[in-house]
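Please put together the full structure from these sequences, using the hints given.
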Amino acid sequence: MANEFADTFDITHTLLWDQSFQSWAQLGVSLQPSSKLYDTDGALLAEWLGPFDEDDVLELIDGNQVAAAAGGAVAVDRFCRYVDRFSRAQSDAVAYPTVSDDERQRIVDDLRYAANALAQTAPSELTVLSEQLAAAVRAHSQVLLDAGLPEGLSAAEGYDDSAAALDAAVTAGITPLNDTCGVMLQPGATP
Amino acid sequence: MESVPDRVLGSMKKRFAFAAVGLLGLSACGSDAGRTTSAAIESNAEVSPLPAIEVDDVTDDRRVALDAFVPSDRPTLIWFWAPH
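Residue numbers (our numbering), protein chains in the order written: chain A, 1 to 191; chain B, 1001 to 1084.
Simulated from the structure, these hints should not be mistaken for laboratory data. Built from N, CA and C at the ideal position, the CB exists for glycine as well. Please note that the accuracy of each hint is not assured.
[Unchecked claim] To be clear about the criterion: a stretch of chain B counts as covered by chain A if any three or more of its residues have a C-beta under 8 Å from a C-beta of chain A, and this derived list gives those stretches:
id	segment
1	1051-1057
2	1063-1074
[Said to hold, decoys possible] Now the in silico label distances, taken between C-beta atoms and shown as ranges:
id	chain 1	residue 1	chain 2	residue 2	range
3	A	145	B	1073	26 to 36 Å
4	A	63	B	1046	20 to 30 Å
5	B	1046	A	179	18 to 28 Å
6	B	1073	A	12	29 to 39 Å
7	B	1046	A	94	25 to 35 Å
8	A	50	B	1060	39 to 49 Å
9	A	175	B	1083	38 to 48 Å
10	A	184	B	1083	38 to 48 Å
[To be verified] Short derived list, chain A residues pointing at chain B, Cβ under 7 Å:
id	residue
11	14
12	17
13	42
14	127
Encoded structure:
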């Protein structure tokens, strides 16, 4: 349905699909179409129900562009929060073989979420490395999900290959991410 | 007659002084349609006003972290629409 919508309206901007409706619920959106405008710091500038005037938006955001130097520091700080979160998710993942199915799901979700987030927010010099790490986490997560999140990891078909690829991606990120964020990723720490 | 998506999306395509994000939901189908990430359990309010959940990026065909879109180096307009 979301793909049909994108094709129908020839959409070129980012289009997200939340099948769960969880984002709408958490943001207090119950009527559609609704819109929310956030400034560069994440403060809510305005919200609308129904169509809105583009000129109103442009007036509200006038001058609200982050200067390159200041924005760079903020962006790196934000990226590093996700790197730290990924590192903590790795630490939590140590318990994977001994926990319940729900907990194993949570561990895999957290790893994938943090990896995606750090790739989305990576500064330009770390974009390739971060994308490779996120892709490796997604692929490895899919292997585990396809196998039903087994307690015994050898039961997951393709596990050895995806785990090796993920370890390689983590290893490649250790030095640059430690230099940038002071966070040391751990090879071999993911399930 | 021009539909609401036509009017809104047409406007959003004109100029991009801001980052435009369309956030589609499944209208009137409750909450059993999709799995949500447990990452939402962790509060993320100090980092972003958006929930720390994964959603599908239709344009790039992958799962993404919603809260990673805001804050940003440009203001961000999020438009919520539930196709019928």
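Inset, instruction - List in ascending order the numbers of the hints, as given earlier, that are violated by the structure. - result: 6, 8, 14
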